[in-house]
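S.K.: Sequences are here, hints too, so could you generate the full structure?
Each chain, letter by letter, is given below.
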Amino acid sequence: MQWRFYGPDAVLIQFGERIGNEAFECSRALIAELEANPPPGLIEFVPAFTTLLLEFDPALAQDLNGIVSCWIDRFATPAAHPLPQARLHEIPVVYDGPDLDHVAEAHKLSSEEVCRLHSEPVYKVYFLGFAPGFPYLGDLDPRLHTSRRAVPRTRIPVGSVAIGGEHTGIYPVESPGGWNVIGHTPIVLFDPSRRASDHHEAGAFLLRAGDRVKFLPAARSTS
Amino acid sequence: MNILVIEIDSPGFGSSIQDRGRVGWRRFGVPPSGCMDDHASLWANRLLDNPADAALLELQFQGAELTFLQDAWIALTGADLGCNIPLWRAVHVNEGDVVRFPQNRTGLWCYLAIEGGFASESIFDSKSAYPRGQLGRSLGASDLLARAALHSFSLPAGVSGRTVPWSEPRDYSKPPPLRVWPGPQWDCFAPAQRERFFATDWRVTSQSDRAGYRLSGPTLEPKPSEIVSEPVRVGSVQVPENGQPIVTMRDGPTVGGYPKIGWIDAGDLSWLAQCRPGQKVRFRLAQ
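Residue numbers (my numbering), protein chains in the order written: chain A, 1 to 223; chain B, 1001 to 1287.
Treat the hints as calculated values from the structure; they're not laboratory data. Careful: at least some of the hints might be erroneous.
As the list claims (entries may be wrong) - Each pair of labels, with its calculated beta carbon distance range:
#1 A/59 with B/1177: 21 to 27 Å
#2 A/59 with B/1280: 32 to 38 Å
#3 B/1223 with A/122: 35 to 41 Å
#4 B/1001 with A/150: 51 to 57 Å
#5 B/1190 with A/58: 18 to 24 Å
#6 B/1144 with A/187: 31 to 37 Å
#7 A/58 with B/1284: 15 to 21 Å
All values derive from a computational prediction rather than experimental measurement. Even for Gly, the Cβ is constructed at its ideal location relative to N, Cα and C.
M.R.: Dropping the structure here:
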């Protein structure tokens, strides 16, 4: 496992070369280990597909090399931590996005085929990032891989279901973005008022890393 | 208990409640937010013996106008917005006083601290506004602000005033070269590219906000030009396809797929935050 400095008080660990299940399982094990046995001075960690950012107390910057090496060496023989159970979320989608035709044309498909190919798999939430509660969903059918828009949209509405490269995702808040919007869902992915009473504010997020998502094609609401 | 203390007559270009920001929520995609200039905001709280995490009013550019509903101790720091209250010192204001910020002179962000800090709901361990995520308070005309009454300020007996040390007020029109540490994709930039980065007077463009500052100058060409999306720190200098750097700021995305040539030292990022569109900034290699 490689790592490099990202400023004097942070490191970026690279635990995989390619996006996929192997890297994902490794990231889950790393996070479980971080939660069970965090290295001294750790302030925050942020996972992604193949990398994990660790930010430390700047006062420990002098010792960071040793702290990180030691922690990673220990991880080489990870203790088995029980992982939270994956939950399956069924998310209705109306396939009516402004880029649906573009995605169809780019792959010489009909929009019905795009809808079918997109809603067939059970997707895995690789991680949340970019915006609050935004899920990076992997394992998109290669026939739907579509590069990001050359000019990002300045405003993508809440609930937009979109394709960016080899991933698909759902915009939990209104934001700018470069992904191709193929549909929308009424399901709320991020609700800061939906916090559990035990002060565990993660309840604001519908999805968690490791959860599964199945899209259900839905008819446009007539109301 | 809280005490209503300010009515916003006009928010100007942008007014919000900010503190030191959120820690620990980026793994859910929530950016840190918090004061854009943590040097100025720190001193504003210090002048009033406030806790370091007390919430402040952050004012952007110009145009804000406030009416005080109660006597209070306040401290203004940061950008000079032509205010009728002096900067960088503890000031006592009276009920009925109107405080205006009519004209931006230097810098971009001005901080108003109040004794005890502003009262506001804490969400994800912070009172900082993040409008995109509907967190915290972005302020509009006729909004009311309360202060926490737990802590009141008074000058020690025999002391007539309090200002920051003479070395602390900054001339935002003359930022020093900012220290940059090599970023995770440092190796994607050939030596000539790095040299170009450090030799350029970069211009801050008008497409800059709390999420990111865009710089314009000569084109940088990383190889490869795109990477697998990975975590991005606040202060990262990313280089997208058009070769013009974007510096991630406090409301910016938590992950990104552009190569990062460097990371601006946390102690220097406040200088960049205060650069107005059109202003020039230079970088130097940190060690």
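S.K.: Would you mind marking each hint as holding or not holding in the structure?
M.R.: Results for each hint:
no., hint, in the structure
1, A/59 with B/1177: 21 to 27 Å, "25 Å, holds"
2, A/59 with B/1280: 32 to 38 Å, "33 Å, holds"
3, B/1223 with A/122: 35 to 41 Å, "37 Å, holds"
4, B/1001 with A/150: 51 to 57 Å, "55 Å, holds"
5, B/1190 with A/58: 18 to 24 Å, "31 Å, violated"
6, B/1144 with A/187: 31 to 37 Å, "35 Å, holds"
7, A/58 with B/1284: 15 to 21 Å, "19 Å, holds"
Hint compliance for this structure: hint 5 alone is broken.
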